[in-house]
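Engineer: What follows is each chain in one-letter form.
There are 2 protein chains.
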Amino acid sequence: MNKQTTHYPFPDKEAIQSAALRIEPYIHHTPVLRSTQLDHMSEGHLFFKCENFQKAGAFKSRGAMNAILSLDQQTMRKGVATHSSGNHAQALARAAMIMKTKAYIVMPETAPQVKVDAVKMYGGIITFCKPTLDDRESTLAMLVQETGAHIIHPYNDYRIIAGQATACMEMISQTPHLDLVLCPVGGGGLLSGTALCLQYFSPATKLIACEPRGADDAYRSFKSGHFQPSIKPDTIADGLLTSLGDLTFPIITQYVSDIVTVSDEEIISSMKLIWERMKIVIEPSSAVPLAAVLSGRVKVKGLNVGIILSGGNIDLNKIPWL
Amino acid sequence: MNKQTTHYPFPDKEAIQSAALRIEPYIHHTPVLRSTQLDHMSEGHLFFKCENFQKAGAFKSRGAMNAILSLDQQTMRKGVATHSSGNHAQALARAAMIMKTKAYIVMPETAPQVKVDAVKMYGGIITFCKPTLDDRESTLAMLVQETGAHIIHPYNDYRIIAGQATACMEMISQTPHLDLVLCPVGGGGLLSGTALCLQYFSPATKLIACEPRGADDAYRSFKSGHFQPSIKPDTIADGLLTSLGDLTFPIITQYVSDIVTVSDEEIISSMKLIWERMKIVIEPSSAVPLAAVLSGRVKVKGLNVGIILSGGNIDLNKIPWL
Numbered sequence: 406m407n408k409q410t411t412h413y414p415f416p417d418k419e420a421i422q423s424a425a426l427r428i429e430p431y432i433h434h435t436p437v438l439r440s441t442q443l444d445h446m447s448e449g450h451l452f453f454k455c456e457n458f459q460k461a462g463a464f465k466s467r468g469a470m471n472a473i474l475s476l477d478q479q480t481m482r483k484g485v486a487t488h489s490s491g492n493h494a495q496a497l498a499r500a501a502m503i504m505k506t507k508a509y510i511v512m513p514e515t516a517p518q519v520k521v522d523a524v525k526m527y528g529g530i531i532t533f534c535k536p537t538l539d540d541r542e543s544t545l546a547m548l549v550q551e552t553g554a555h556i557i558h559p560y561n562d563y564r565i566i567a568g569q570a571t572a573c574m575e576m577i578s579q580t581p582h583l584d585l586v587l588c589p590v591g592g593g594g595l596l597s598g599t600a601l602c603l604q605y606f607s608p609a610t611k612l613i614a615c616e617p618r619g620a621d622d623a624y625r626s627f628k629s630g631h632f633q634p635s636i637k638p639d640t641i642a643d644g645l646l647t648s649l650g651d652l653t654f655p656i657i658t659q660y661v662s663d664i665v666t667v668s669d670e671e672i673i674s675s676m677k678l679i680w681e682r683m684k685i686v687i688e689p690s691s692a693v694p695l696a697a698v699l700s701g702r703v704k705v706k707g708l709n710v711g712i713i714l715s716g717g718n719i720d721l722n723k724i725p726w727l
Numbered sequence: 406m407n408k409q410t411t412h413y414p415f416p417d418k419e420a421i422q423s424a425a426l427r428i429e430p431y432i433h434h435t436p437v438l439r440s441t442q443l444d445h446m447s448e449g450h451l452f453f454k455c456e457n458f459q460k461a462g463a464f465k466s467r468g469a470m471n472a473i474l475s476l477d478q479q480t481m482r483k484g485v486a487t488h489s490s491g492n493h494a495q496a497l498a499r500a501a502m503i504m505k506t507k508a509y510i511v512m513p514e515t516a517p518q519v520k521v522d523a524v525k526m527y528g529g530i531i532t533f534c535k536p537t538l539d540d541r542e543s544t545l546a547m548l549v550q551e552t553g554a555h556i557i558h559p560y561n562d563y564r565i566i567a568g569q570a571t572a573c574m575e576m577i578s579q580t581p582h583l584d585l586v587l588c589p590v591g592g593g594g595l596l597s598g599t600a601l602c603l604q605y606f607s608p609a610t611k612l613i614a615c616e617p618r619g620a621d622d623a624y625r626s627f628k629s630g631h632f633q634p635s636i637k638p639d640t641i642a643d644g645l646l647t648s649l650g651d652l653t654f655p656i657i658t659q660y661v662s663d664i665v666t667v668s669d670e671e672i673i674s675s676m677k678l679i680w681e682r683m684k685i686v687i688e689p690s691s692a693v694p695l696a697a698v699l700s701g702r703v704k705v706k707g708l709n710v711g712i713i714l715s716g717g718n719i720d721l722n723k724i725p726w727l
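As they're listed, the protein sequences go chains A and B.
Going by our numbering, the residue at position 245 of the first sequence is 650; the numbering climbs one at a time, nothing skipped.
Going by our numbering, the residue at position 193 of the second sequence is 598; the numbering climbs one at a time, nothing skipped.
The shape of chain A in the complex, shown without the other chains:
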């Protein structure tokens, strides 16, 4: 798919740069950490961008802040609304709290308790729904009709995509030249933002997306060239259950080099390894890129590799390897 077939112009260089400036007072400039032992195991030079340390525990705070800061006063006053399996919900609730407006959040009744609690802590107003895309969307439509709130989609929104792109923009300023960036993919907000960012600011860097095998719509869509949503996604990486959107898919098709998939077992063992060796808490979604490396599906020998650790929100009473 080339640029002519897309309906809208993608967010440009300036959109990402303005997003970075706009959200700067409200987000963390997260560190890039390294691990001698993981370098040794992978034979590469791995640079981990720690968005698990981000405000509200995930990169989602970037997109949510960028989107909410783009609203006019009148829209802002009626509040914002979304459906989300968790991290976008927390991020949007936090963004709304900062902007002193309301966040109406539709969450699947299967969302981890720790994520539900965090949304409540940020003052989000939760409506639970069944864990299907249909039910999420109809519940959200109903909410919006009642409240007049403005929908901020978790990923299929250029304001969100430009916001998420700032994680990669920071990362490339914190590292030597990266030969490769590895990024997890669910709905594709982080991935498409990362793709645009590299295209504009580090075009020689290759980008490979990493996806759980149990929710491999991006892999199938990318390989076939047409959108194939996940029907009954099932993976431990609960942040990656969603399917691509019509705004993220074209960007991914155009700028991502490849997509690889990994098993839940590989995700869990990479997650444990990161906790153990790097002494940081990440959620399963964050471990997907390292799983792709350690399974041998992405070769990194001798390469400088940026890995985005997307978040750290996990229910500590439910450790996946126990």
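Bear in mind the hints are in silico, worked out from the structure with no lab data behind them.
We treat Cβ as the ideally placed atom computed from N, Cα and C, and that holds for glycine.
Be aware that a few hints might be false.
Here are a few chain A residues that sit away from chain B, every Cβ distance over 12 Å (derived from the structure) [stated by the list, open to error]: (1) 414; (2) 422; (3) 448; (4) 450; (5) 460; (6) 474; (7) 479; (8) 578; (9) 585.
The calculated label-pair distances, taken between Cβ atoms and stated as ranges, are [as the list claims (entries may be wrong)]: (10) A:637 <-> B:702: 46 to 54 Å; (11) B:578 <-> A:433: 16 to 24 Å; (12) A:618 <-> B:518: 27 to 35 Å; (13) B:434 <-> A:478: 39 to 47 Å; (14) B:609 <-> A:542: 57 to 65 Å; (15) B:478 <-> A:433: 44 to 52 Å; (16) A:542 <-> B:704: 26 to 34 Å; (17) B:433 <-> A:426: 29 to 37 Å; (18) A:482 <-> B:707: 32 to 40 Å; (19) A:704 <-> B:584: 32 to 40 Å; (20) A:426 <-> B:630: 39 to 47 Å; (21) A:609 <-> B:707: 47 to 55 Å; (22) A:630 <-> B:446: 49 to 57 Å; (23) A:444 <-> B:630: 34 to 42 Å.
According to the in silico footprint, chain B covers these stretches of chain A (three or more CB under 8 Å from chain B) [as the list claims (entries may be wrong)]: (24) 535-548; (25) 675-681; (26) 685-698.
Dock chain B against chain A, hints included.
Structural biologist: Relative to chain A, chain B alone:
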């Protein structure tokens, strides 16, 4: 107890400064992290010095490197030896590996598997013993007789104390003026180093030691003014089972403001809170100071408080709250 009653001059300002220079190529300059939520809960301004990110997973790498770098060539060649419940063992094994000599490690047979594995990974030569001070010491004496190795005690050694002091020296260079520093205490190596460091470089900062109630020899010794070792210490904080030594006790008596104790339950809940909110992995010993704050035993309202997170080595198959 005043200075006249001690047998040796304590390590001076220069000893700590030279330790910092000597070990610099071999250790991490660890970050100081903050948490809005923990500040809110404590009503203080908390600065967490993350020695869980230190080489070999704990501050012990500082003392071990300083001690081994102080040896002459002939002594070095015969190797080093110690008894340790874990973190000093790893640190000394790593230091010996760097200096291309042998580390003979006496470990209690109850040491966590993850610590045993790490010592092996660094090439340490392990001899197991019963988990009593008597058996540790006799096993070590036997080893030294056989090998001619040089003993580097985990804490009762001025080279170790000067090395551990460098964590606090770094911390005060990374933070605004600290009103208070909180430090866990086991054998007192980190605590006495921290005490000397503050005395020399930030004398207006108060120092309070925090100890598990199930291994409260430092508390009892400090309050009574004479050394009272723990007989059968029992706490989840496995790094703090040891009793003070005759070199650490006088420094602590002279320069520490107070010692408070906390229960294992308080330690575990503070540990979980740090994992959950700060997204970092710490071992139980590291959580003792925050437990002292959140239990109300140390008041920090409005104060700048430095908290040393001593280490992050924990068996991830044995999470204490599960």
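Engineer: In terms of Cβ atoms, is chain B entirely out of 12 Å range of residue 585 (chain A)?
Structural biologist: holds, 25 Å
Engineer: Holds or violated: is the Cβ of residue 474 (chain A) farther than 12 Å from all Cβ atoms of chain B?
Structural biologist: holds, 20 Å
Engineer: A range of 26 to 34 Å was offered for this pair. Does it hold for the Cβ distance of residue 542 (chain A) and residue 704 (chain B)?
Structural biologist: violated, 51 Å
Engineer: Using the C-beta atoms of residue 444 (chain A) and residue 630 (chain B), is the stated range 34 to 42 Å upheld?
Structural biologist: violated, 51 Å
Engineer: Does the beta carbon distance between residue 618 (chain A) and residue 518 (chain B) stay inside 27 to 35 Å, or does it fall outside?
Structural biologist: holds, 31 Å
Engineer: Return holds or violated for the Cβ distance of residue 482 (chain A) and residue 707 (chain B) against the range 32 to 40 Å.
Structural biologist: holds, 36 Å
Engineer: Falls inside 47 to 55 Å, the C-beta gap from residue 609 (chain A) to residue 707 (chain B)?
Structural biologist: holds, 51 Å
Engineer: Please check whether residue 478 (chain B) and residue 433 (chain A) have a Cβ separation lying inside 44 to 52 Å.
Structural biologist: Given range 44 to 52 Å: holds, Cβ gap about 47 Å.
Engineer: Taking the CB of residue 630 (chain A) and the CB of residue 446 (chain B), does the distance hold inside 49 to 57 Å?
Structural biologist: With Cβ atoms ~52 Å apart, the hint holds.
Engineer: Range first: 39 to 47 Å. Now tell me if the beta carbons of residue 426 (chain A) and residue 630 (chain B) are that far apart.
Structural biologist: Violated - the Cβ-Cβ distance for residue 426 (chain A) and residue 630 (chain B), about 60 Å, lies outside 39 to 47 Å.
Engineer: Mind checking the hinted window 32 to 40 Å against the Cβ distance between residue 704 (chain A) and residue 584 (chain B)?
Structural biologist: 52 Å Cβ-Cβ, so the 32 to 40 Å window is violated.
Engineer: Regarding the assertion that residue 414 (chain A) does not contact chain B, is the least Cβ-Cβ distance greater than 12 Å?
Structural biologist: Check passes; 37 Å lies beyond 12 Å.
Hint compliance for this structure: hints 5, 16, 19, 20, 23 and 24 are not met, and every other hint is.
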